[in-house]
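Given chain X's structure and the hints, the job is docking chains R and D with the ligands onto it.
Given next are the chains, with one letter for each unit.
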Amino acid sequence: MRARLAGFSLERPGTLDEALGMLAASKERLTLLAGGTDLYVYLNAGVARPGRWLDLWGLDELRGIHEVGDHVVLGALTTYTELRASELVRGALPLLAQAAATVGAVAIQNRGTLGGNIANGSPAGDSLPPLLAYDAEIGLRSARGRRFVPFDRFYTGYRASVAAPDELIEQIRIPLGAGSGSRACRFVKVGTRAAQAISKVVAAFVLGRGADGSIDHCRAAFGSVAPTPVRLRRLEQHVIGKRIDPALIRTSSDVLLSEIAPIDDIRSTARYRRFVARTAWQRFMEEIPGH
Amino acid sequence: MSEEGELTTIRCTIDGRPHEHRCHPLASALDFLRYVAGLTATKEGCKEGECGACAITLDGVVVNSCVVPAAHLQGRRVGTVEGLSRPDELSALQKAFLECGGAQCGICTPGMLVTGARLLEEGERLTEARIREHMAGNLCRCTGYGKIVESLLRASEEER
Amino acid sequence: MRLVGTSAPRAEGEAKLTGRARYVDDLPLTDFLWGLTVRSTIPYGRILSVDFDAGADWSGVTIVTAKDVPGKNVVVLLEQDQPILAADRVMHREEPIVLLAHRDRDRLWELASRVRIEYERWEPVLDIDASLALEQRLFKDDNVFKAIRIDKGDVEAAFARAARVFERTYETGLQEQAYIENQGMVATWDAAAGRLEVVGSMQCPYYVLKGLCPIMGLAPEQVVVEQAATGGAFGGKEDYPTILAAHASLLSYKSGKTVKMIYDRVEDLVATTKRHPCRTRIRTALDASGSILAMDVDATMDGGAYCTLSPVVLSRGTIHAGGPYNFENIRVESRVVATNTPPNGAFRGFGAPQTIFAMERHMDNLARELGRAPHELREEYLLRPGQTTAFSQNVGDDVYALDIQREAVARTRFEERRRECEEFNRSSRWERRGIGLATFLHGAGFTGNGEVVLDSRLKVEVTADGLVQIYSANTEMGQGKDTTFSQIAADSMGLPMARVRIITPNTARVPNSGPTVASRTAMVVGYLVQEACGAVRKALEAHAGRTWRDPDDFASLAAAHHRERGALEGWSRYEPPPGKVWDDKVYRGAAYGAYAWACYVAAVRVRLDTLEVTVESFDAFQEVGRVLNPVIAEGQIEGGVVQGIGYALCEEVKMKDGAMANANFTNYIIPTFADVPAVKVHFAERPYPFGPFGAKGIGELPMDGPGPALASALTHALGVEVNRIPATPEHLLELLGNE
Ligand SMILES: Cc1cc2nc3c(=O)[nH]c(=O)nc-3n(C[C@H](O)[C@H](O)[C@H](O)COP(=O)(O)OP(=O)(O)OC[C@H]3O[C@@H](n4cnc5c(N)ncnc54)[C@H](O)[C@@H]3O)c2cc1C
Ligand code: FES
Ligand code: FES
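Chains as they are written, first to last, in the working numbering: chain X, 1 to 291; chain R, 1 to 160; chain D, 1 to 739.
Watch out, some of these pointers could steer you wrong.
[As the list claims (entries may be wrong)] So the derived list for chain R, only partly shown, Cβ under 8 Å to chain D, looks like this:
hint, residue
1, G45
2, E50
3, Q94
4, C108
5, C140
6, G146
[Claimed, not checked] Restraint ranges, calculated between C-beta atoms of paired labels, are given here:
hint, chain 1, residue 1, chain 2, residue 2, range
7, X, R146, D, E123, 53 to 61 Å
8, X, P50, D, F424, 56 to 64 Å
9, D, A373, X, G157, 55 to 63 Å
By construction, these hints were calculated from the structure, which means they are not laboratory data. All values reported here derive from a predicted model rather than from experimental measurement. Glycine residues also receive a C-beta, built at the ideal position from the N, C-alpha and C atoms.
Pulled out of the complex, with its shape left as it was, chain X reads as follows:
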């Protein structure tokens, strides 16, 4: 480990209230520890911020997958393994289950959490495009109370969010109808290899059509093509009310390309990311049955 641990300490609250109290009382920003699959990479590499860490892992209040009213509610500590195993998630939110199955590999899926993926805020986070495509809301909790933020307004910039220093992510709430029924949907991950891979491009699409075949619902969300995961609203608007045909596939692809701003980095090139983002969309549209 490249970090000098003397500069770090760990608080282990027994209840959520205790944790919220510690957050409220602390002058410095506490580092929240969930499964640790991001934080330990930073710590071992010597790039974690020294200071006090607050361990959420023991807080069962933050676990569980439930249907509450017309929402699916996912505790922040829900792991990828739990997402994959949940009948509810597989049925109602298949893109999220599929995303979970592509994260790292088994040992990471057993520890990595949805809350951690969101809070870590990597533009390559694999669960994030499905959450955008499903109109998820992030339930933030502090000693001051609870508030919900639509996920597409959660990030304010590269790895920056609206969460205040005394807030933690308590849950993720998704409308039950978001992914279901006759809507076409697809999760696409293009990583550096078949497993244990960080995404070069990740995307989630949901598309619904009315009785006349025209598109009445569309979500197109991407990761790794901008500083934060993004919903391509212009693309979505462009296709609404239209029928799928080669012309629409072409014009919408142009809109897509104008709406993303990928970069060159050590994992891929901007050029490749643009290519993949476009073909992912094209192929999704082309393969929608009966178009």
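Chains R and D with the ligands in isolation, oriented as in the chain X frame:
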């Protein structure tokens, strides 16, 4: 290992035996096992959660110990490769590794065995595809994986 | 019972399977310090000052700089250009400058960040072109560590009468060995006894010994080097361990304590040697009918900042550049040049994968150009008995190129599958399929007179209780040497394997049987095992006046020998096979005693929406003399093929400002279980008279084929020439040129 800062006492069982050691709560579980408890069977390959050489089970769940804080071992059951065999007899999986050539340099082997043993415990009849998916977080640079797949298939047959 | 040829279980297998095997980081130590290296942060420049931040707590810290080197500050290898610690000048990023040791490992990284090094920066030379353009003079007058030329026939005349010339350039990138156990070493200097002991992860204990003596100013008798269980090496632990051993020794020498240095993955990736990048241009003179008149091959490798083993890597690369072909006229010119990047070194295949990639891709491109099937064109030129290689070695009867390719083509249904792929490609919207092959040879053992120079010796001892102990310096690093040596010895003595014991390679106990490199261990040293066993056997039989009936009888005869005549030992010493002559000046003759011959066939599926490549099947056919242990031999081939798949498709060292920018396992992408198919291995056996029970070396062979076979399969699938590896999706996109 760190001898400074706020240390804590970690109590857990490792391969069925109770252990109690003082260490920093944020030391990785891997460093705790190797450098505090002196149990070196679990290996380090990357310290970034990527290679699986450090895989252990925590209450029966496979995790990469380099990305788990020692604090999370508190009160838990830890399983390493040392718990897979009895003193004088290899497990069916270990025997299969020996026969099929599942280990070459051996550095990935403890993690492979821990991860593979967990898969066998699920009790289903294994297929090559299932093995390749489940084991994908364990890197091996020597074998090219084929002999490890064979080892798991053989052990799975044997257990039936 | 015969053991050779059976899959006897791995000798050290049980220790590895139970977690009992001790790798260097597992050795129990008391009262020791951890060591750490402070490295340069610039690629090229003068060191102006080294300061230790007064604000940091330096108590209990051992500090070593170049000034503390008791002997000569030089890594003695082929040249003496590399210091063990940079003193006034740095030649590459991550060059070691200061060493620190402390009881508490946690403090070291922070302390390292408090060492302030000021530099005068010079403009670095970061690639082959800048080096050849002599933008800076890094090595002698021309930046060339070594240049080689091979000539056969009259190339100029052939080009003069050519109807046309076909020319292409091929590139292969850096590759990291990526053994899963990082480099590590423990050193203990005992001042009172004047003795230095080093234990660690390594391929060649005697290399480490030889390197340590001048640096530490010690005589060989004062230094003992021992190999710990080694978690993979692939060449990466051939030359580099000398450096790490010296660093640990310097810290121990100064502190008087045992010092342990274990690299973490990042340090291992940024600091240690990699496979040489190579650029090869091949020009072919063709006559009007499309027959090859001559080949003109020109290869340049990037050696990095210091010479290390580069000349030898270049040598093997150059010799293999002509492939398994009989070209009447061929010229190979090659050089390895200096750049301000970390030195490149040994890696399985040792230069051959680079040039074989070029030649095999070229043969494929030629076939495409001439409208011929890839195997057909090759068939015409593959070596036949009595023909000569590019370096004018008459292969006599020891040639199997044609047979192995024919077998591969037939058994993989190569022609049919080519047509099936083409059919598929005409109708598929989002996928393309392709199949490709590569035919090649790989020489086993040291090149030319290398084995004679090594003068390897090996000892076999029979103890009073009837154990056969093998004393050799060759190391087990996963390749199964302990097992194959045990099988050879057991069969030579007519005993079960349980009666054979391998002595841990420790320079105080074992003779120098040469390094564990160059596919030489099973073939060359294995033969020495057989011979030394023969000598012991003769001695014992002579003493007893008869041979033994069974192990117990053997033990009683051995006991009698010990009582009556004393210790019972047999020695062997390398003798070159008769009639093999090599001329190093003109690079002609018997480059190797034996070659393994191979043909690898790969089939791929490419997704057009992502350009991701799936390897659908991989068949490796090879003739290897005799298979000593099928499971171990298959394991060698499978592992090498998968390493080669990584080399071909995804392993890319991304260099930025002279350093590896993707130095971790998250971003240096090696294949996982999910990335590769089950590799199918097929052996043909034609015993080689100077290998143990007929065996030839195979350790490096599998690294040569996957690159060209996969690139050819991709070319077949996509219809564009893939002449550079790694052929990442990003690279394929560049080739296809669509946006
Ligand atoms: C080998 C490996 C492979 C990986 N592969 C993938 C992959 O394929 N796809 C992918 O998306 N990710 C991947 N990751 C990254 C990581 O696993 C995920 O981001 C994971 O979801 C993080 O969850 P965690 O609980 O482990 O987070 P932690 O490491 O515990 O925390 C991550 C961040 O979130 C904050 N945080 C955690 N929980 C909360 C909360 N409830 N409220 C507020 N803040 C919180 C932490 O303070 C920290 O900043 C990989 C990591 C590793 C080591
Ligand atoms: S050391 Fe933990 S995953 Fe590699
Ligand atoms: S056996 Fe060496 S890394 Fe797997």
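(request) Take the C-beta atom of X/P50 and the C-beta atom of D/F424, compute their distance, and say whether it sits inside 56 to 64 Å. (result) The hinted range 56 to 64 Å holds for X/P50 and D/F424, with Cβ atoms some 57 Å apart.
(message) Restraint: R/Q94 near chain D, CB-CB cut 8 Å. Satisfied or not?
(response) At about 4 Å, which falls below the 8 Å cut-off, the nearest Cβ of chain D leaves the hint on R/Q94 intact, so it holds.
(request) Go through the hint on R/G45 and say holds or violated, using the shortest Cβ distance to chain D against 8 Å. (result) It holds, given that the least Cβ distance between R/G45 and chain D is near 4 Å, below 8 Å.
(request) Would you check whether R/E50 satisfies its interface hint, that is, whether its CB is within less than 8 Å of any CB in chain D? (result) holds, 4 Å
(request) Using the Cβ atoms, figure out if X/R146 sits within 53 to 61 Å of D/E123. (result) holds, 59 Å
(message) Using the nearest Cβ pair, does R/C140 come within less than 8 Å of chain D?
(response) holds, 7 Å
(request) Verify the interface restraint on R/C108: the C-beta must sit less than 8 Å from at least one C-beta of chain D. (result) This hint holds: R/C108 lies near chain D, its Cβ roughly 5 Å from the closest one there, short of 8 Å.
(request) Hint says 55 to 63 Å; check whether the CB-CB distance for D/A373 and X/G157 agrees. (result) holds, 57 Å
(request) Go through the hint on R/G146 and say holds or violated, using the shortest Cβ distance to chain D against 8 Å. (result) holds, 5 Å
The structure meets every hint from the earlier list without exception.
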